[in-house]
Each structure stands twice: as C-alpha cells, then as structure tokens.
Amino acid sequence: MAEYECLNLRAEVGSRRGAQRLVLDGVSFEVGAGEFVSIMGRSGIGKTTLLRVMAGLHEPTANSPGTDSMVRFGGEAVAGPPEGVSLVFQDYTSSLLPWRSVARNVELPLEGRLSKAERQVRVGEALEMVGLADRYDAQPFELSGGMQQRVQLARALASRPTALLMDEPFGALDAVTKAELEDQLLEIFAATGTTVVFVTHDIEEAVYLSDRVLVLDGSPAKIVADIPVDSPRPRSQMHTRESPNFLRARHRVHEVIFGTQ
Amino acid sequence: MTQRLRLDSLTGLLPLVLLLSVWQLIGDPDSPFFPAPSSWWPALFTLGQGDKIIPAILDTVRTFGLGLLGASILGVALGLSIGVSRAVGRAVGPTFEFARALPPAAIVPVATLLLGFDETMKVVVVVLAAVWPILLNTSSGVQELNPVLLDTARSIRLSRMRTLFAVLLPSVMPAIVLGVRVATPIALVITLLVEYLTAVNGVGALVGEAQRTFQPARVYALIVIAGLLSLVVNACVRSVENAVQRRRVGDS
Amino acid sequence: MGRNEEQSIEGASGDGPNRRNRSNPLGVVVIIAIAAIWEALVRFSIADVQFLPAPSEIVVAAQEEIVGGEFVGRLVHTVGVTVLGWGIAAVVGVGLGLLLGLWPTAYRYSMTSFEVTRAIPPITFVPAALLIFGFSLKMELVLVIYGGIWPVLINTIGGVRSIAPELRDVGTMLRLSTPETIRKIVLPAALPSVVVGLRLGLSLCLVLAVVAEMVGNPAGLGNGLISARQALQPARMFVYVMAAGLVGVVLNAGLRATAQVLLPDGALKDISAT
Chain A
1 MAEYECLNLR AEVGSRRGAQ RLVLDGVSFE VGAGEFVSIM GRSGIGKTTL LRVMAGLHEP
61 TANSPGTDSM VRFGGEAVAG PPEGVSLVFQ DYTSSLLPWR SVARNVELPL EGRLSKAERQ
121 VRVGEALEMV GLADRYDAQP FELSGGMQQR VQLARALASR PTALLMDEPF GALDAVTKAE
181 LEDQLLEIFA ATGTTVVFVT HDIEEAVYLS DRVLVLDGSP AKIVADIPVD SPRPRSQMHT
241 RESPNFLRAR HRVHEVIFGT Q
Chain B
1 MTQRLRLDSL TGLLPLVLLL SVWQLIGDPD SPFFPAPSSW WPALFTLGQG DKIIPAILDT
61 VRTFGLGLLG ASILGVALGL SIGVSRAVGR AVGPTFEFAR ALPPAAIVPV ATLLLGFDET
121 MKVVVVVLAA VWPILLNTSS GVQELNPVLL DTARSIRLSR MRTLFAVLLP SVMPAIVLGV
181 RVATPIALVI TLLVEYLTAV NGVGALVGEA QRTFQPARVY ALIVIAGLLS LVVNACVRSV
241 ENAVQRRRVG DS
Chain C
1 MGRNEEQSIE GASGDGPNRR NRSNPLGVVV IIAIAAIWEA LVRFSIADVQ FLPAPSEIVV
61 AAQEEIVGGE FVGRLVHTVG VTVLGWGIAA VVGVGLGLLL GLWPTAYRYS MTSFEVTRAI
121 PPITFVPAAL LIFGFSLKME LVLVIYGGIW PVLINTIGGV RSIAPELRDV GTMLRLSTPE
181 TIRKIVLPAA LPSVVVGLRL GLSLCLVLAV VAEMVGNPAG LGNGLISARQ ALQPARMFVY
241 VMAAGLVGVV LNAGLRATAQ VLLPDGALKD ISAT
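Those protein sequence lines, which keep their order, are chains A, B and C.
Numbering-wise (the working numbering), the first sequence opens with residue 1 and increments by one.
Numbering-wise (the working numbering), the second sequence opens with residue 1 and increments by one.
Numbering-wise (the working numbering), the third sequence opens with residue 1 and increments by one.
Mixed in with the good hints, there may be bad ones.
Facing chain C, a subset of chain B residues (Cβ under 8 Å, in silico) [said to hold, decoys possible]:
| id | residue |
| --- | --- |
| 1 | GLY12 |
| 2 | ILE107 |
| 3 | ALA111 |
| 4 | ARG246 |
Counterexamples of contact, computed for chain A against chain C with all Cβ distances above 10 Å [stated by the list, open to error]:
| id | residue |
| --- | --- |
| 5 | GLY26 |
| 6 | GLY74 |
| 7 | SER115 |
| 8 | TYR136 |
| 9 | GLN237 |
| 10 | ARG250 |
For the chain A half of the interface with chain C, some residues (derived, Cβ under 10 Å), not all of them [unchecked claim]:
| id | residue |
| --- | --- |
| 11 | LEU87 |
| 12 | GLN90 |
| 13 | LEU96 |
| 14 | ARG100 |
| 15 | GLU111 |
| 16 | ARG155 |
FYI, nobody ran anything at the bench for these hints, they're computed from the structure.
Ideal Cβ positions, reconstructed from N, Cα and C, are used throughout, including at glycine.
Given only the sequences and the hints, what does the whole structure look like? Please build it.
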C-alpha cells in the first residue's frame, strides 16, 4: 500500500470571502513507503498548496459528483494533520519559537506525550542527526540561517515521523549551505527510512535528492510527468551530478518544463 | 479587496448599533443617568443654549490649533538642538524627562494660579503636553539622518543656514510629521481637559456646565461632539501626512 | 503611538547601549543650575510672577506634607487605585484581546465599534462618570478601568493578529489543543505587544486617577493638589504635581523591570531598553 495516495485532487485558494482561485485540479499520484519524491514546478504553480493539502492544513475542494477523488495517508483519508506526518517550512525563522531554546523547540512535538526523560533522549538524538548537539541551549536568534533550518528539521524528526513533508526548505540559503544540508538530509533519509515529499523549484536539487520527480504544471495545475531517477545511493554532490542517470533525468525534467529545444 | 474591507467595517458596527438601540428602547429621556440617545440632540438646544455650541467649538479648535502650532515650533527647535549635539542632549535630558513626567492634568491648577483663567493659560498647558512627541521624534529623526547627506552639504560648502533649511529640515520632515500626528490627539484631549477643569471657554467648558447643572442628555451630546471633533482633526492630520509622503515618493 | 513611550531624551541623543550604565553628571549639574537660578529669581523678586514658589519653599512644603499632612495617605490612595484599576483592565483587556484576535468572526463583528469608541478619549467620559456615580471611589475606579482597557485591548489584538502564520501552522501540525496553542504559542508570541499595551495602560490609568481625584473623588494626590489650590498655597501644589510625576516614573520603571525579568531576551527586541 502506498504511503500517500492522491486521486483527482482539487484545491482552491483565496481569502475568506474573496475570490477563490482554482489552483489544482485532477492531481493524481502515489508515494510509496520509504520513497523520496520531489514535487517540482515553477513558482506560484501550487506546489505549496498541494503540500499543505497533504499535511492536512488545507481542505481540498469537493469534486463534481461522479468523480472519484481522495487524499489518503497510510490508507486513511486526510482530515486535519495526520498522525505521523511532520512538516518543515521554508521560513525557518518564523516557524521556530524565538522564546524557546533550541532544545525546547525540538521538544515541542513531544510534550504531553512522553516523559521528561524520554523527551531529553529524543531531543538529543534529533540534534545529533542534524549535527547541532553542541547547540542544545542556544537561542534561535544566535544561529545562522542554515542552523535554524536544521533545528526545524530536528523538531520534525523528533517525533519519528512516518512521512516528512518539506516546503522548499533550502530555498532561502546560500549555495554552499544548501549543498551541505541536502547531503545531511540524504544521510537522515538513509538512516531512518522516512518517506520524504520534497517541494522545490530547483531542478538540480529535485533530481539530486529524489527517487522520483513529479512535475506540477498547468493552470489549474496537475501532475504532468512522473520521472524516475535511477542514480544509485548513496549520492555525492560531485559524482552523482556528473553521472549519466542524473543527466538523463535532469534532461527529461527540463524537457517537460521548458519544452524540447 | 476594498469591497471586502468596507463590508468588514460595517459589520463591525454591530455591537455599537445594538447598544444604542437597546439604550434607545429602554432609556427614559428623563433618566438622570442614561437618557435615551434620541434625547441627546434636542438637549443641545434647550434653554436657549443652542447658540453657544458653535462658538464653543471654535474656541476649542482655536486653542487646539494654537497649542499644536506652538508645540510644533518649540518641539522642532528643541528636537533639532538635542538631536544635533549629543552633549546638549545629555545635559538637558534629565530636566526634560522630569518635565515630561508631570501629568498635564496636574499642571492645570498650577497654570491657573500663575497665569490666570484665559486663553494664554490654555495654550501654555496644551503646548506643555503636546511638545514631547514632536521633540522626541524630531531629535531621533536627526539622529537617524543619513550622514552622507551632511557630508555632501559640507563638500558643496553650504553655509550653516542653507544646510539647515535645504538639507537638514527636509530630511527630518517625515519624523517631524510623525511627531505632529502623535501630538495631535494629545493636543485635542488636553484642550478639552483644560476647558473642563477651568471652564474658560470651549466644548469642555460646556460639558462641565451641563454636568454641574445635571443635564445628562446634554452631556452625552457634547461627548459625541467631542468625539466627532477628534475624528475630524485626526483625519485632517492624516491627510496632511499623506500629502507630505506623496511628495517624497521614491525617498529612501 | 508606540514610539513616544519608548524614547527618552537622553537616549534620543544616541548614546548607545551603555547609556543606562553611565551616570550623567552634566545632566545633574544642569538641573541643579536651573533650580539655583529659579531660587534666585524668586528670592530677589527678579521674576515678578505672583504665586511662583521658590524651590526651597517647595522642599519645606514637602516636608510638612509628608510628616504632618495627609500626603502619605493620599499617595497610597492614588497608587492603590491606579494599580488595582490597571490590574482589572489588564485582565479584561488581554482576555478580550485574545478572543478578538483569535476568533475572526468575533473580530469582524465588533472591531469597528471598538475603533469608534476608542476614538472618544476616556477623559471626555469624566462628566458622564460623575453624573452616574457621583463623588465616589467607584467613579474613580470605573474611570481608571475603562481607560486602561483600551491600550491593552488594542495592543493585544494587534500582537495576536501579527503572529507569523507559520507559527500558527506549527500549532496545527502538532495538533495542539486550543488552550495549549494559546499557552505555548499565541501568548508568548504576542507578549511584546501586550507589554507595550500594559505600559501605555498604566500611564493612562494614573492620569485618569489623578483627574478623577481632582474633580470627583475627594481623595488621593489629585485631591491634595486641589485643596492646596483652594488654599492658595503654591508650594504645596508643586509638591503634589511632582509627586504625581514621580509616581508615574516609578510605576513605569517597575513595570519595565518586571517585563525584562519575565520576557526572554530574544523576544524583547521590540522593546528597546530606555
């Protein structure tokens, strides 16, 4: 059974009583357990909306009667944030609690569910995984952008999620930090086997990280291509990006987005 | 977007409309505490007091205007001096902080003792109350001045006077305007307060008189007039502020 | 309106973050000089302003009031009413502010009413309060509470509504209950704004208390001021005016110190140390 199943998903955005815009229509795809899938598309196409629907933060719009449609996680319909799903935002500064230390931020999802001792263990593990064990007591504003994003990632991982949804998490970072975090993410992916759905507008990043790249396009948008990336793991910034499999997948994604030239 | 905003604004009036309606229904025009809203307007004109209203409004506006003007001139002059020189700022700082802490209401009896019961006393009190936001905003406006501008003036060898008027003042203008905008409601409130406490003239004096002669409907009516005055004055200042902003489109 | 409260004149001359730790001998010298000049002007009748007391007379009057007069009782009354009224206003203002900030429907169906009512300065309600409650403690307290609610309410609403949507989403993603969301996310995030509102409210409460005491409730510092006025004793009057100012400074400083202790450093960036 696939981790995530989407069939004929339709979604609108618009403020409370203002004009509603149909952003997604007829979106269908699956994500298997333990897969790393990227959702790609140009800015504003609806990638974030799609991710938010999968996270249970945005309600899909009803389809016309007679059309089968669903969003399912672990076999159950998504109605509100599902248990076992963590979301990582692009704006790390705004999603961390500035009045809590790093450790207390990472602890947030565990409060009320685990004892203090267990929480401390989990927080320690999560911070180890992102390489910030030495920043346990730091305040968010003391950290660089890349570090803050790693704290957010640690918080997402602390609850040992089944699926990790990431909304352009490295978009606001410089190229070097971005590459470092990409590799760190791949290590974590290998170590935990978590399913990852990664939204990005960066073609290179999507192909480098994923097992499959889904391309979202159109207005309203739908999945127009599902491109497998056959590069073996573990991947390396230098070698993978020069390999034929990578280039082939990258070429294919380019074709879909920009058309053949 | 504007349509939605307007609708939101209207729906937001619901509690107020409800309150006034209920008040109207259960209120007794002769109640000593809560006369019904419909009795407010007529109460303005009972006992031939109707023709006092407009002169009172004019008196209030005059004191307010003079007070704000005085506060602006004084505030800008002092603010510039303090902003330009750190030594001056530190020297007069504690003295001014002390003066700023004195509540205007408490100053009123002192003012009437020293200056008597006239227009001058009213304006002095208003100036003393309204000068501070203008002073503070002006001096911090000077502090945050782009140093490159001053260097430019020096390299063109502008005289001190010209530097002041052609470079300094225009750059500090937005800060000054902000200070005046903050000072405006203060000036109006203090004007009304002084009038109420001293009964010299103005809307505040009328309210005091109506209260002392137990005319509640008239009191409420005058409160509404004071509120409307406040709205009008604030709207005027805001449009002046916008006009000044528009002339600076493209500025830093 | 916020900038006015947060600036000081010394600070406005840009001394930097260490200014609070450095004493200001020049400033003190200036104050003493002004007092000396004032004393001389009155003593030698150079300034012929009737009823202007010399600083020495004010000091004497202060001694008399505190030791023999009713000063202490009046001081306690004013401070007591101010703090009590402000406390009640704070609870009501924050509670109502949370409600309106978090519940869009409530906000939509009430905000304009609040904006309109807020535009009428609380001072203008003094005559109405006098008519309804007469010359009583109740009148003073009602006025203080009414005036104090507005800054707290408006700033709380503003603080809640300006919380980053990501923070709200974090709460949703973690499936926090409403009380948990308020306790862990909304209140801490809105706290800097709430504190600004509380500070503005405290100043306003003190002013309203003094005004009420001057016209309605024969007690407190305001009453002391008026009784000195009626007795044509300017030195006594100055004592009460300065006392009122001093109370304001002390209360404000006390609240600021409490806020700095309670708030974490990072979140305090909006409240510059003045």
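Tested hints:
| no. | hint | verdict |
| --- | --- | --- |
| 1 | GLY12 | holds, 3 Å |
| 2 | ILE107 | holds, 7 Å |
| 3 | ALA111 | violated, 10 Å |
| 4 | ARG246 | violated, 22 Å |
| 5 | GLY26 | holds, 26 Å |
| 6 | GLY74 | holds, 16 Å |
| 7 | SER115 | holds, 18 Å |
| 8 | TYR136 | holds, 16 Å |
| 9 | GLN237 | holds, 29 Å |
| 10 | ARG250 | holds, 31 Å |
| 11 | LEU87 | holds, 5 Å |
| 12 | GLN90 | holds, 9 Å |
| 13 | LEU96 | holds, 9 Å |
| 14 | ARG100 | holds, 8 Å |
| 15 | GLU111 | holds, 8 Å |
| 16 | ARG155 | holds, 9 Å |
In terms of the numbered hints stated before, the structure departs from hints 3 and 4, listed from lowest to highest.
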